[in-house]
Each structure stands twice: as C-alpha cells, then as structure tokens.
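Residue numbers (this note's numbering), protein chains in the order written: chain H, 1 to 280; chain L, 1 to 217; chain D, 1 to 257.
Hints listed in this document are in silico derivations from the structure and should not be mistaken for laboratory results.
A hint or two may mislead.
Below, a list of computed lysine-lysine pairs in the DSS-like style, where the Cα atoms sit at most 27 Å apart [claimed, not checked]:
#1 L:K217 <-> H:K29
#2 D:K92 <-> H:K164
#3 H:K46 <-> H:K115
#4 D:K61 <-> H:K9
#5 D:K134 <-> L:K172
#6 H:K152 <-> D:K92
#7 L:K25 <-> D:K242
#8 L:K95 <-> H:K242
#9 D:K92 <-> H:K115
#10 H:K116 <-> D:K242
#11 L:K126 <-> H:K237
#12 H:K46 <-> L:K31
#13 L:K168 <-> D:K242
#14 L:K31 <-> D:K61
#15 L:K75 <-> H:K9
#16 L:K165 <-> D:K134
#17 H:K142 <-> H:K164
#18 L:K172 <-> D:K92
#19 L:K217 <-> H:K104
#20 D:K61 <-> L:K95
#21 H:K104 <-> D:K242
#22 H:K152 <-> L:K168
#23 L:K165 <-> H:K142
#24 L:K126 <-> D:K61
#25 D:K242 <-> L:K165
#26 H:K115 <-> H:K55
#27 L:K165 <-> H:K164
#28 H:K142 <-> D:K242
#29 H:K9 <-> H:K55
Label pairs and their computed distance ranges (CB to CB) [as the list claims (entries may be wrong)]:
#30 D:I247 <-> L:I79: 51 to 59 Å
#31 L:F151 <-> H:R276: 52 to 60 Å
#32 H:L25 <-> D:L197: 31 to 39 Å
#33 H:T162 <-> L:I79: 32 to 40 Å
#34 D:W89 <-> H:I267: 25 to 33 Å
#35 H:R276 <-> D:T77: 39 to 47 Å
To list a few chain L residues with every Cβ distance to chain D over 10 Å, as calculated [stated by the list, open to error]:
#36 V3
#37 N27
#38 F32
#39 S68
#40 A105
We treat Cβ as the ideally placed atom computed from N, Cα and C, and that holds for glycine.
So the chains spell out like this:
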Amino acid sequence: MRFFQYLLKIDRRIIYIVVGLLVMLPLIKPLGLGVNSGPRAQTLFKAIDQVPAGKTILISVDFDPSSMPELYPMLAAVMRHAFAKDLKVLLCGLWITGAGLADKAVTEIPPEFGKKYGEDVVFLGWKAGVDAVILGMGENIKNVYPVDYYGKSLDSLPMMNTVKQLRDIPIMFAISAGTPGYQDWLLYAQSRYGMRVGAGLTAVSAADAYPFLQSGQLTGMLAGMKGGAEYEVLVQKAGYSKTYMPAVAAMDSQSLAHIVIMILVIIGNIAYFVTRKRGA
Amino acid sequence: MHVSTNILTWVAAILTIGIFSFLWKDNPFYKFCEHLFVGVSVGYTIALTWYNSVYPDLFNPLFLSPLSEVSLGNKLLLIIPLILGLCYFCRFIPKVSWLIRFPMAFVLGWGMGAAIPAMFQTYIVKQMQGTFLTPGIFARWDVLLWALISFVGVVCSVLYFFFSKEHKGALKVASETGIVFLMVGFGASFGYTVMARMSLLIGRFQFVLRDWLGVIK
Amino acid sequence: MRRNIPLAICLTMGVAMMVQFFVPHPASVAFYDLTTKWVRIVGAFALVLGTGSLVMYHIDKLQRRRTGWYYSIVTLTAAAATSVIGLGWGVKPGSPLQDIIFSNLLVPLNASMFAILAFYMASAAYRAFRARTKEAALLLVAAFVVMLGMVPIGANVPFFWFMVVVNVALLVAGFVTRSKALLIGAGALVVGLLAWLGFSGFKVPPLMLPDTAEWVLSVPNMAAKRAIQFGIALGGIATALKVILGIERGWLGGGKQ
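From just these sequences and the hints, can you work out the full model?
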C-alpha cells in the first residue's frame, strides 16, 4: 500500500530522467526496428511521382523551428523526390519564422542533384496576410511576390516564366504546424482554383485531417516524424536518394518513448485504483 | 566521440541546456534564455516584415520606382493602404487611438467576406459530400460497412452537440453513441499528441548527440 | 461617426467580397486584385501592434524597476540588435541574420522550448490520466492502439494479442477493485476473442495493429472530427456574418465612442 502511495507522489524529476534516458539510448544504440510506409504516405508519393518532368510543384513551408524535427525531414524528402524526378520546386511560406527553414532547405538540397537556384528552385519568401497571399497567387504570383526571398526580381528567374498562377501547378504540398496552414490552402486555393493539396502535418493536428482525406480534398498526408520517415524510406526504396535519413534514425527512440508513456499511464492507474480501493 | 569545435554550435548547445534547465527548477539562466528568445523573435519578425512585405509591396513601388515602372495612378492608389497601415500606430496615442478601427474594419470585412463562401464550400459542402458519397461502397462489403459506421458516427456526434433540446429518448441514445465516437477521436488525438511531443524531444537530442557531442553519426 | 464609418466599411467590404466570389466580370476581378494587394500591405502594419506592445511593456517594466526588470534589458537589446543586423545586412544567402541569428539562436531556443513539453506530457500522463469512467477507458484504449500502431515497434503486433493484454488488464482491474461491471466486461471480451479465434481456424487472426490504428483513425476518429468541424464551420460562418452585419462589435474596442 505504501509502495503504491509512494508511486503516486513520486518526484516528477525522476520521471523526467527516466524518459530522457530511455529516449536517448536508442539514438546511441539503435534497435534496428525498420520503418514501413503507410497508405497515406504512399498516396502522396504516387501523386508526386506521376507529375510529368519539367512541371513545378509548390511547397508551402508553414512551420517554425519548434516543429522542425517533425516537419523538416518531410520537406527535405519531398524536395529530393521532386529533384530526382526533374520537377521544379517553388517554395513559399505563411509562417514568418519558417522562412529561415525554407532558406536552409534551398541552400542544402538542390546542390545534391546539381539543381540551380532560379532555374530549378525558387523560394518566394514570406508575406503578410494569409488569405490575401493565397488568393493573390491564384490570379498572378508576380503580383504577390514581385521579388523572391533574396530580393531578386521574379522576371529574372527563368523558372517563373512557366509558372504564372496557381493553376499552372499540378500539385502542392503544404507542410503545416498549425494555423495558418493546409486548411487555408484548402479554403482558398482549392475551393477557388481547384488546386490539388497534399499535407505534411505535425502529429498533433494529423487526427483532425482525416475528414479531408476521406472527402478527397487532401491527396495524401504525412503525419509527424513517422510520416517523414515513411517518405524518406519510399524515396530511398525508389532509388532517388541515398542520403542520411534523420526521421528514420529517430524511429527507434519514438517506439521506446511510446512504450514508456504507456507503462507510465498503466502504473499510474494501478497505483491510483489500488490506493483508492484500499483507502475506501 | 567528436565534440564540435564550431563556437556557434556551442552557443546553440548552451542555449538548449539553458532551456532544459527549467526541468530541474526555474533559474536565472533559463529566464535569460527565455527573454533572449522573445527579443530575437521580435527582431527577426521586424527584419523579415520589412524585406518581404513592406519594402517590395509599398516602399519600393511608391517611393523608389520610376514612373516608367509604376504609373502615377498606381502610386496614388498605394497611398490608401499606407494611410490605413499608419492608423495602426495610433493605438499608442490615446487621443486618436479610435483611428485603428479603420484598418481593422477594412481587413476584417475583407477577410470575413472572402472566408464565408470558402468555408461553406470546404467545411460544409465537401464534407457533406464525403459523408453521403463514399467511392466504392457497393464494390466491397467492408467499405460499405465502414461508410455506414462513419455516417452514423457523424450524425450522432453532431446530435451530441445539440443542446437546444434535452437529451431524452432517441436523442439520448444518439448522443451517447456520439460520445463513444468522440472519445475514440480524442483518444486518437492523444496518441498522436504523444508522438508529436516525443518527436520534438528526439530532435533536440539528435542535435546534442550528433552536431554538438559527435556521439552519433 | 467613430463607430458608424468603420462598421460601414466592414459591411461594404464583407458584402463586396462575398458577391465577388460568384462574379467573374473583369471589374469584379480588378476590384479583387486591388483589395487583395491592399490587405497584404495593411496586414504587414498589423505586426506593429504586437511588437509595439511588447516593447512598451518592457520599457515600462524597466522604468518602474519591477521584479525581473533586468531581463527586460536582455529582451530589448536582443530585439534591437537582431533588427539592426537584419535590416542592415538583409536576408541574402549567407547573411548574419540567417547563418548566425536564425540557425544558432532562434532554432535552438524555439525547438528546446517545445521539446521540454515531452517531459511535462509524460509527467501529466502519469499523474492525471485516470480511467475512472467507461468513456475515459475507451479514450485510453484508442490512444494505446494509435500509439502502438503508428510506430515501428507495433508494426508486427497482431491486434488479437493487444486485445488479450487489454482483457488481462480488465480482469486484474476487476479483481483489485472488486467491480462486477469490469469482470462482466472482461468475461464478454474473452467470449468475443474466443469466437474470433474460432472464425480464424484457431490461428491468430492476421489483422495487425497498424491496420487497426488506421481503421480507428479513418472511421470513428474521422466521424468525430468531421462532426466537430461542422460545428466550428457553422459557428465561424455565423460569427463572420455577425461581424459583417455589425451585430458583433467587440473588435471596435471600448470607450464612449
């Protein structure tokens, strides 16, 4: 009885240490569990895979460094997929602190495939006014972004000669950590301009996206770090890239972390019910 | 183990430890990091707003571009949003703080007007289409079954939130069925939330162990 | 005048934008393009409010020497320095704003702030997540299915074994709390599992945990979330209409006028 009462009153810092150690250990000594891709990731992969070479896909970087571990791997994986298929990539963002992350991706990933800025990839940057930005892009991208993130006129970028408005883009991938995010693209880009939207979401908002998947409004979804890992595996299995896969490397820790949480919930419930029953 | 020799990586690592120190207890190092974060965020926002929004959309076309690039008519039109935008500054002058209502009225009215048909289309029409029309329901028995269960779930969950009538009789049965679906939905959300939070922690550990300490490759 | 003109502007813009959605006439499109541009410009100025409020709060704290006033120096100095560096050196590739400030200050601070939530969540789950009612227990089971099914460790676990573990937990809970309801529920579950086993030819049914998790997310979770979304959308449309028509006036702020 006293043991169960002690369990209920245990110092929270002991729980922190246990969680921290058990999450860190598989990073140092991997368990080798492997990752299988789910149907949602496969749908998105197939949709991007079927885009003809030379076409442009749009990626909206709507997240900030707080969601970077979950969403940056999917941004990198989708960009690698696009470049391997000779697709052009147009990036923009609705989150101001996501601009730096998109800049990082634009700097690091195109050189792996010999792609050049302005010809194969353009980053438009961030702009204030979420709905006004999306609706404006639907009519004319250059009206919204006269210059790109780096201050270069869009007229001087060869890639932008073939992409004038959202209807010129066969599919977009909205990587969102919340609001504004994929729902704004569905609200304004899809309802008005019929744009195909795929979503990369933090796991927190993934459960809320299933109605859009079922109704066909979303073409595939990547949920959290696991979604990023699934896409990395798909890209590697298709032979498009052989680079380090950070999301896949984290999956062992993810598995152990979930087991730890489940055990903590079970122990907490056992201790609670035993002390309540015996106390009564 | 191959500890980084890059001073900026060490700065990032020390700031990470500073934030994590809050787990032990609140301390001046954590407070310093917290206030630094707020300050840097504000400064970053100011810089990006200027370079990505104000300069290319307003300052450059209105004041710097020659008339051959931007006509006089277009320049004069830009004065209207400039005046509206400057009204935001009146918030800090008590005597004329009511002027902030003008830009707010413009942006709110525009936003609400643009949102209503979009919301109706995206959240009501398309979602109702998804509820009533599921592709392939007559092709396979399990698709039909899950579509029926989903339909019942949507109707019962909506009825749960109908508080204008007392939940008695058939409405009580429906709302209790709705609660079952809602609980499963919240459980699924909790499961995914655990995944999300743990991912963020794993990401930070990957930085500490790989980029800073070089323990993992 | 101070209230009526803004209300009139709100009404005019709201109705115009709603009508514009359905009117493809070039004049309507021109109006749409012009106002979209204006909203982007005015929206950028709105950031002034947040920034200004923060700066004024910290200056006031500094002047009055309130508790922790020295941290306000950190905030104001950091804001000023970052603004100067950003405005001075710009956002070109390799700029100090990106390479130094964003990558080595903003990223670790922002990411760490949210990373510590994992510990709080673990502690909260341990202390507060109690399956006191049937509904809470159902929530817990659904959460466990998703948590295990969505990670690699659950990829090769048959759903049958998961339900066996749940059944054992129900039995133990029933004996410990001496609850008839739990014991009857556990008994019913045993019968159900045995029937399932029988239908599968006394072999472990091939339904795996990830497939079950996917079903939980695609069917009951989807239904619940759709219902919630209907409510939010209808509430949002109603609120938008109230704002446009001037019934909802909270945005005007207080004061006699």
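Exercise. Within a Cα-Cα threshold of 27 Å, do K46 of chain H and K31 of chain L meet the stated pairing?
Worked result: 47 Å, violated
For this session: Measure nothing beyond the straight line between the CA atoms of K92 of chain D and K115 of chain H; if it is 27 Å or shorter, mark the hint as holding.
Result: Distance of about 19 Å is within 27 Å: holds.
Exercise. Can the suggested window of 39 to 47 Å be confirmed for the beta-carbon pair R276 of chain H and T77 of chain D?
Worked result: 53 Å, violated
Problem set entry | Agreement of K152 of chain H and K92 of chain D with the hint, judged by alpha carbon distance not exceeding 27 Å | 10 Å, holds
Exercise. Straight-line Cα separation of K61 of chain D and K95 of chain L no greater than 27 Å?
Worked result: Holds, because 23 Å separates the two Cα atoms, which is no more than 27 Å.
Exercise. Hey, K25 of chain L versus K242 of chain D, does the alpha-carbon distance stay inside 27 Å?
Worked result: Given that 27 Å is the threshold and the Cα spacing comes to 47 Å, the pair is violated.
Problem set entry | Satisfaction of hint between K104 of chain H and K217 of chain L, Cα-Cα up to 27 Å | 20 Å, holds
For this session: Quickly compare the C-alpha distance for K152 of chain H and K168 of chain L to 27 Å and report which way the hint goes.
Result: 66 Å, violated
Exercise. Given the hint that K142 of chain H pairs with K242 of chain D, does the C-alpha gap stay at or below 27 Å?
Worked result: 35 Å, violated
Problem set entry | Distance restraint between K31 of chain L and K61 of chain D, which requires alpha-carbon spacing of 27 Å or less | 15 Å, holds
Problem set entry | Pair hint K61 of chain D and K9 of chain H, alpha-carbon separation not exceeding 27 Å | Status violated; Cα separation ~38 Å.
Exercise. Is it true that the CA of K172 of chain L sits at most 27 Å from the CA of K92 of chain D?
Worked result: Not satisfied, since the Cα-Cα distance of roughly 62 Å exceeds 27 Å.
Going through the hint list in order, the structure does not satisfy hints 4, 7, 8, 10, 11, 12, 13, 15, 18, 21, 22, 23, 24, 27, 28, 29, 30, 31, 34, 35, 38 and 40.
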